[in-house]
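A.B. asks: So you can see what is in the structure, the chains are spelled out below.
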Amino acid sequence: MKQGAPSLGFEQRASGALKNLPLRQALEAATERFIAQRASAFRDLPDAEALRKRARAIKEEVLTRLDDYLRQLADSVRKRGGVVHWAKDGTEARGIVLDLARARGVKSVVKSKSMVTEEIELNEALEGAGIRPVETDLGEWIIQLAGEKPSHIIAPAIHKSRHEVAELFSRKVGKSLAPDIELLTATAREQLRQEFLQAGMGISGVNFAVAETGTLVLVTNEGNGRMVTSVPPVHLAIMGIEKVIPTLEDLVVFLKILARSATGQKASSYVSLITGVGRDGDSDRPRELHLVILDNGRSRFLSGPFREALYCIRCGACLNVCPVYRQVGGHAYGATYPGPIGIIVTSMLQGPGGSKELAAASSLCGACQQACPLDIDIPHMLLELRREAVADRQASGGERAAFWLMAAILRYDGLYRLAGRVGRLLQRPFVRGTSIDRLPFRLSRWTAVRDFPPLAARTFRDRWRMLGRNGG
Amino acid sequence: MAGSGERAMVRTEQAEFLGHIRSSIGSGRERTVAPIRFASSEASPRAEAAQGVGRLLDRFLVELSLAGGTGHRVQSPAHAQGALRDLVRASGARRAVMWRHPLLARLDLRAALADTGVACWEVPADVPEGERLTLMATADLGVTAVDYAVADTGSLVLCSRPGQERLVSLLPPIHVALLPPSVLVSGLEALPPLLRRDLEGPGGASNIVFITGPSRTADIELSLTQGVHGPKALHVIAWDEEPGGPEGRDHL
Numbered sequence: 001m002k003q004g005a006p007s008l009g010f011e012q013r014a015s016g017a018l019k020n021l022p023l024r025q026a027l028e029a030a031t032e033r034f035i036a037q038r039a040s041a042f043r044d045l046p047d048a049e050a051l052r053k054r055a056r057a058i059k060e061e062v063l064t065r066l067d068d069y070l071r072q073l074a075d076s077v078r079k080r081g082g083v084v085h086w087a088k089d090g091t092e093a094r095g096i097v098l099d100l101a102r103a104r105g106v107k108s109v110v111k112s113k114s115m116v117t118e119e120i121e122l123n124e125a126l127e128g129a130g131i132r133p134v135e136t137d138l139g140e141w142i143i144q145l146a147g148e149k150p151s152h153i154i155a156p157a158i159h160k161s162r163h164e165v166a167e168l169f170s171r172k173v174g175k176s177l178a179p180d181i182e183l184l185t186a187t188a189r190e191q192l193r194q195e196f197l198q199a200g201m202g203i204s205g206v207n208f209a210v211a212e213t214g215t216l217v218l219v220t221n222e223g224n225g226r227m228v229t230s231v232p233p234v235h236l237a238i239m240g241i242e243k244v245i246p247t248l249e250d251l252v253v254f255l256k257i258l259a260r261s262a263t264g265q266k267a268s269s270y271v272s273l274i275t276g277v278g279r280d281g282d283s284d285r286p287r288e289l290h291l292v293i294l295d296n297g298r299s300r301f302l303s304g305p306f307r308e309a310l311y312c313i314r315c316g317a318c319l320n321v322c323p324v325y326r327q328v329g330g331h332a333y334g335a336t337y338p339g340p341i342g343i344i345v346t347s348m349l350q351g352p353g354g355s356k357e358l359a360a361a362s363s364l365c366g367a368c369q370q371a372c373p374l375d376i377d378i379p380h381m382l383l384e385l386r387r388e389a390v391a392d393r394q395a396s397g398g399e400r401a402a403f404w405l406m407a408a409i410l411r412y413d414g415l416y417r418l419a420g421r422v423g424r425l426l427q428r429p430f431v432r433g434t435s436i437d438r439l440p441f442r443l444s445r446w447t448a449v450r451d452f453p454p455l456a457a458r459t460f461r462d463r464w465r466m467l468g469r470n471g472g
Numbered sequence: 001m002a003g004s005g006e007r008a009m010v011r012t013e014q015a016e017f018l019g020h021i022r023s024s025i026g027s028g029r030e031r032t033v034a035p036i037r038f039a040s041s042e043a044s045p046r047a048e049a050a051q052g053v054g055r056l057l058d059r060f061l062v063e064l065s066l067a068g069g070t071g072h073r074v075q076s077p078a079h080a081q082g083a084l085r086d087l088v089r090a091s092g093a094r095r096a097v098m099w100r101h102p103l104l105a106r107l108d109l110r111a112a113l114a115d116t117g118v119a120c121w122e123v124p125a126d127v128p129e130g131e132r133l134t135l136m137a138t139a140d141l142g143v144t145a146v147d148y149a150v151a152d153t154g155s156l157v158l159c160s161r162p163g164q165e166r167l168v169s170l171l172p173p174i175h176v177a178l179l180p181p182s183v184l185v186s187g188l189e190a191l192p193p194l195l196r197r198d199l200e201g202p203g204g205a206s207n208i209v210f211i212t213g214p215s216r217t218a219d220i221e222l223s224l225t226q227g228v229h230g231p232k233a234l235h236v237i238a239w240d241e242e243p244g245g246p247e248g249r250d251h252l
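Going line by line, the protein sequences match chains A and X. Counting in the working numbering, the first sequence runs from 1 upward without gaps. Counting in the working numbering, the second sequence runs from 1 upward without gaps.
There is no bait here: all hints are sound.
For lysine to aspartate or glutamate, the following EDC-like pairs were computed, each having C-alpha atoms within a straight-line distance of at most 16 Å: (1) A:Lys172 x A:Glu195; (2) A:Lys107 x A:Glu127; (3) A:Lys79 x X:Glu200; (4) A:Lys79 x A:Glu212; (5) A:Lys88 x X:Glu16; (6) A:Lys88 x X:Glu13; (7) X:Lys232 x A:Glu182; (8) A:Lys356 x A:Glu388; (9) A:Lys53 x A:Asp375; (10) X:Lys232 x A:Glu190.
Simulated coverage check for chain X against chain A, where a stretch passes if three residues somewhere in it have a Cβ under 8 Å from a Cβ of chain A: (11) 152-159; (12) 166-175; (13) 204-215.
On the chain X side, residues computed to face chain A include the following (Cβ under 8 Å): (14) Thr12; (15) Glu13; (16) Gly26; (17) Leu188; (18) Glu189.
Source of the hints: derived by calculation from the structure; they are not laboratory data. On a predicted model such as this, the values are computed, not experimentally measured, just so you know. Note that beta-carbon positions come from the ideal geometry of N, C-alpha and C, so glycine has one too.
All chains, please: the whole structure from these sequences, using the hints.
C.D. replies: Written out as structure tokens, the structure reads:
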């Protein structure tokens, strides 16, 4: 699948995706699998609902005192020999990374999967500075070789078949590889192992940062997170401000829900707790640890109706259950973070109006909130985004006129009855049997995909009156 | 955009950054109440051990195998040598790298490996970093002890310390961990007080890893594949009780 060009709107990208049958089959298989695995993982957890409540309470506590917890985290990291950098936006964050890399003569960096570095387009900046970024999560590496963007938060390459991967890898290693998944995985291991050993810097995201101890926590299944933070001489971690949690006890709560929500595992293969640069006697440790703490629009959401979006732990559970995502996939959103929560996060990063058309890419069915391990009220926030779009006059004149008329009809009794009578008259040429299956002009866009129920010949009011006369 | 313009930029200072966050939170929030503390309610590992190490180990081994690892339950630590010898023979490994650790020394695992013709070394502290990396990267087998093991999830917890490299459990394609019964805990909830102690002070562990099964990925067509970056196989050699009473945590 080709990357949706930014000039296209959601509608064009989505209809492109809908015509891509292999993509839709892959999406269906992946999301079904994730849903089933997640359900079975939570079945074994007797206190799931209590855990969810506690996770929410921790997040609420953190956001209420976010400046205090960030200060505590920074102090703890420094106490253990780490260096803390503050970045109010992507430009600052990129500048910090590039300065550090240039000063150390870094030629290549290895990266473990990190949505926040996608968010600030760090790879493009590194390349621009002549530094080669290498993604080391298998899915991310595939995407990087293909020159695309991730299509799912935790399974970035679900839209690629083994044949496509074999083609990409064959080009990379310069010999023809069979589309055998074991072989392809072994090839990636071999290639990336060399990259780890050569890289001058490892760049990772952060799943959780524990304020009390200054511990950066990284969750991976492949082990690339461990490689990136252990093999190169410098480890640089980038986190959004919302990743801080107070204590190690809080960490346990989040570890229990993250693995289950993301991949249906009781525990991910590897959870790394990185606390400072370590002792001189440690023979395998980076000599430097840098932590970049990034705002990039997040603080805008600290008060107001979108506050809960900062609870998100990026597990991807809401993507898998979303009837829109399941049909169109991540690329259709045209943003770093796809899916229901992605729409909210996109508006956070891009500012008001940044995701107006995306706010409509939802049926408001509520499945996302139900699946969310933090019980984030995503449907309510999507509605709020739509409301803002209308308030900002982003809606078209015709749409606003139609709703103005609707409001008037519903408000005035006489007008309501009149509208009913006019409606019954106007619909006459279009009613076939018990439905309307074809309407003219712009209304045909509705009837092209579904029937419209006609207004009843006799209104409920009439029938109620009749009922009263007969029965009374 | 990655040009010198960014380079010359003034960086945001901590006070400015945090001040902005504080004002964004707004005054509507009640900040005078004490922070909520979520204390661990879990029993201490020793109390858990009293409910029966055997049962904890049962649970651990079931979860380990669900996560794709292989458990080898032996009668006593004296049998650990034999178990290691068997699995090394079956794997065809030629070179092994091992933690410098009192438990491994006591079990005399080097002798077991020597029997099978496997070259075995510990990572010496006095060779240059690059060479140390090569020593670990070229081994077929990495042998470590375990700081804690979590029965609920089948997870091993390993703290890295001098002589106990984090990469021994990561770079070789096979990882073998020796699990004495004294380190078993029931759930993840039991870990925070233990980890806090491991992290404290200037000698605190800079790297602690929870390992649950081998390295895995499902990134190509959702097909589960082991050994993408880390070990393809994880073996745990465990025994029920220590001869001569509980060993405690003296090896720490």
